Structures are given as C-alpha cells and as structure tokens.
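Protein chains in written order, with my numbering: chain Y, 9 to 122; chain R, 5 to 117.
Hints listed in this document are in silico derivations from the structure and should not be mistaken for laboratory results. If you're wondering where the values come from, they're calculated on a predicted model, not measured in any experiment. Where is the CB? At the ideal position from N, CA and C, for every residue including glycine. There could be a bad hint or two in this list.
Chain R side only, calculated, beta carbon under 7 Å to chain Y, not exhaustive [said to hold, decoys possible]: (1) 36; (2) 39; (3) 46; (4) 47; (5) 49; (6) 51; (7) 72; (8) 101; (9) 110.
Here is what each chain is made of, one letter per residue.
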Amino acid sequence: GAGVSQSPRYKVAKRGQDVALRCDPISGHVSLFWYQQALGQGPEFLTYFQNEAQLDKSGLPSDRFFAERPEGSVSTLKIQRTQKEDSAVYLCASSWGGANYGYTFGSGTRLTVV
Amino acid sequence: AQTVTQSQPEMSVQEAETVTLSCTYDTSESDYYLFWYKQPPSRQMILVIRQEAYKQQNATENRFSVNFQKAAKSFSLKISDSQLGDAAMYFCAYKGGYNKLIFGAGTRLAVHP
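Whole structure, please, built from the sequences with the hints as guidance.
Structure (structure tokens):
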C-alpha cells in the first residue's frame, strides 16, 4: 500500500480484556517496528521484526505483550489482560532495510483501558 | 545506554519568523544517525530531516536545517519562515548500532499568525 496502515484507530478495553492491534506495512518493507507512546512522551521501542523473524523484543514491558509477523508482512501486537498502565498510542513503522533512512510510521492505535 | 534529551517542552514562534529547537544526546558510539520527526495531531510521525554522524556538513531540507555539533553531542533544528502548518510536536531521535530509534520527550511548537 501507499503507507503504513494501523487498525483500529481507537480501542477502548475493559481492564483484564485481551486486545489485538494490527499493522499493515508498506509492501516490500522487510523491517517492522512497534513503539508505545504514552501521553505527552516520546515513543518507546517495543519490538522489531526483519521479515518474519522477531530480532529484538527487549522493549516489551511484560509477558502480557506479544507480537507476531507470521508471513513477513502484516503484524499483530497482542496485549493480554490489559491494565490501565497499558493505555497509550501504539505506533507501527516499517522500512525497506535498517532504520538509517528513518522509518515510515502509521497513525497509531490509541488504546484506552478503563 | 543512549539517551536523547529535549529540554524545551514548548516553544512558540510568529509566522514567517525563525525558531530553533534543541536536542542533546549521549552515546559512546562513533557511528550513528540523528533524526527530527514531526507529529501533528493525526499522530503520524513524519520525518523532517536526518543527519549522518560521519558527515560534518549540516543537513538542510528546504526551510529546515540542523546544527550538528558532534563533540558537544548537540543536534538542534532550525525552522525558517515558519508557517502555520509547522505547528506540531517535534521529536529528536537517535539510531546507533541497533535498528531501533531512541526518541526524546518532544517539543510542542506553536505558530502564531
């Protein structure tokens, strides 16, 4: 596609619910990144894929967070048993290779846990 | 660990004037990249300008330019002839040996007519 597409744009979850956030990167982009952006803060790295391989998941805050990219294209970030502190904007970005030329970001999913 | 600091939570500028946003970073790496991103209310991060650390020449993109001081670990963004559409959050970001970007906390820029 022309850009990085994320869905849903907004998600409200009750505490304890599981959520799944989708990212559809630019076609042909081998690298895919997930970031978490709390209100009034800069984005913080969560995880990185190169094709279908998850090469870095050091930023995932707990084992309730799980990401996958089974066919090297669309990625899903899953959060189990959501907590209020999970409320944030989740940004996805992709690039053709490394990040030397910057990424192309999606518009994010705003997750609110009530 | 690398860190990026933006010490100006908010800045304002008059339309057509020039404004400079500050960014400092800390790293022990010698080879890295620096970026400025713009985030409007739509939330999409838009790349404004990038700088390779090995290049001494400051990057320029139309009305946007940087002042890169490698020894001082400083990377400021200058916006000339400010326009109403420049109003947004601006984030400084660092990329070193790993693929991930490390962002500062951001500066909110207001542009007044």
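Hint-by-hint comparison with the structure:
Annotation: residue 36 of chain R was flagged as interfacial toward chain Y, and the flag is violated, the nearest CB pair being 10 Å apart, outside 7 Å. With its C-beta approaching chain Y no nearer than about 5 Å, residue 39 of chain R sits inside the 7 Å limit, and its interface hint holds. With a least beta-carbon distance of about 6 Å to chain Y, the hint placing residue 46 of chain R at the interface is held under the 7 Å criterion. Taken as an interface hint, residue 47 of chain R checks out: its beta carbon lies about 5 Å from the nearest beta carbon of chain Y, inside 7 Å.
The closest approach between the C-beta of residue 49 of chain R and any C-beta of chain Y is roughly 4 Å, which is under the 7 Å cut-off, so the hint is satisfied. Interface hint at residue 51 of chain R: satisfied, since its Cβ lies 4 Å from the closest Cβ of chain Y, which is below the 7 Å cut-off. At about 16 Å, the closest approach between the beta carbon of residue 72 of chain R and any beta carbon in chain Y exceeds 7 Å, and the interface hint on this residue is violated. The interface hint given for residue 101 of chain R is broken, as the beta carbon of that residue sits about 10 Å from the closest beta carbon of chain Y, more than 7 Å.
Hint status for residue 110 of chain R: holds, given a least beta-carbon distance of 5 Å to chain Y, under 7 Å.
Violated hints, in rising order: 1, 7, 8; the structure is consistent with all others.
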